[in-house]
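Now for the letters of each chain:
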Amino acid sequence: MPMYSEKVMEHFTNPRNIGEIEDPDGVGEEGNPVCGDMMKFTIKVKDNRIEDVKYFTFGCGAAIAVSSMVSEMAKGKTLEEALQITNKQVAEELGGLPPNKMHCSNLGADALRKAIRDYMEKQGEVKQ
Amino acid sequence: MKTINLDYTAAAPVDEAVLEAMIPYFREHYGNPSSGHTLGEKPREALEEAREKVGRLIGAEIPGKDQIIFTASASEANNLALKGIIAAGKKKGNRIITSAIEHFSILNQLKSLEKEGYDIVRLPVDGYGLVDPDQLEEAITDQTILISIQVANPEIGTIQPIEKLAALAHEKGIPFHTDAAAAAGWIPIDVEKTGVDMLSLAGDQFYGPKGSGALFVRKGIRLRPLIEGGIQEKGLRAGTENVPAIVGLGEAARLAHQSLAERTEKVASFRNQLKEALFKEIPHLHLNGHPDNRLPRNLNVSVEFVEGEALLMRLNMAGIYVSSGSSCTSQALKSSHVLEAIGVPPELAQGSLLLAPGRESREEDIPYITEQLAQVAELLRKMSPLYHQYLKEGKDNANVQ
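Protein chains in written order, with the numbering used here: chain A, 211 to 338; chain B, 8 to 408.
Derived by calculation from the structure, the hints in this document are not laboratory data.
Yeah, the Cβ is synthetic: ideal placement off N, Cα and C, and Gly gets one too.
There is no bait here: all hints are sound.
Sample of chain A residues facing chain B (criterion: CB under 10 Å; computed from the structure): (1) 225; (2) 270; (3) 271; (4) 273.
I would like the entire structure built from these sequences, with the hints used as guidance.
Written out as structure tokens, the structure is:
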């Protein structure tokens, strides 16, 4: 077991906002079970703000703590602000992550961004 | 808090009697076995006694025609066996045959040898981890210089038909090495009956000290040392002998030999009851390895829909110590090569747990272990996207094995 910060252990032990929003405004998935970590974020948007965010996570201690932290960081933010959240910031908020967890388990911000883009696409704000 | 160790393959406490036997060799018998004066006598005798004891554990007559070379680990013994016989170069050729599920101390040195131009054949195994003797026979060519296949696998516990495999090697005059690190001290091993030419073992796997290992070498097998210097260990391992560790290894071997049947039966009984309880209480649990033909101290299961490190951490919080074959729990961030070789799907390999009881394991702890693992599995499944996908679509890996 790697050395995790107290903050990581705290979020791993008591993860916030677990679940899946019914009729979500946006859905974002990142990772896959083959590499060991997978996250699915669902968001509810109101007045351009993330009113609610929930996730399901398959993964190690870091992956669970990262998901929990991202959900806390995103809640209440405008979409523009939430899009600015980086994996690095998430790791910092968690008091750091072991080096080998930075890449594979730190996918929360990516999954959230996918959920926001999904919402924006549905709104016709982003054309692809 | 109550703590329960189910990771005895990683480490076990040194037997009290073993420790007692070692202590004088730190104190009054501290001498160097190579000394010509009186101080060297007792340590020198102790080395030879330890050799005999290790020999008895594996059915080798020491002193006699064969040799026991002391090393610092089974990894070192594996390196001495493979690199040593190749460097001695008695047999000409470039093919070395092994199995896909060997320990890294075999596989990684073969990877290096492959880069040097050796032709390495890694035999596949079946869904239980068994090597097929017919496939070994097919792989043998006149270029084959060595075959190395383990007695039993440390991760899934599967016991190989070593006698048959060694016989095939001998028909063609090829030396046969076996890594017995996981098996020695836990199942009967007889180098005469199985006919292996070299065998590696480690004392810390059967209540001896860490840093103690040995390589059995049959008469007629020529090796070159990995460590050159003085002529300790018949010139096959230079450096002043670690006498206390060797004495400890010898005593641990003697005790294991003496109580093998009893030890095996006790641990197997615990393992069987634990297995039964877990499969009764926890849905979507998969057994990895063979149902019967496995080491008594080995249970390996996959908890579907969840990841191993998270399981390990949650169990750790409940005072239960286990290990996992998931990528997140490995330093290399790669999931177990053993589980991959036996065809366990990646997502199930990520949720694998190795439960390795020891002779200290107590049956009265089984309900607690079961209850905790059931709770942890449920809690992690509730947050798993794979589990919710299963609930929606009804797809799982129940029929994979």
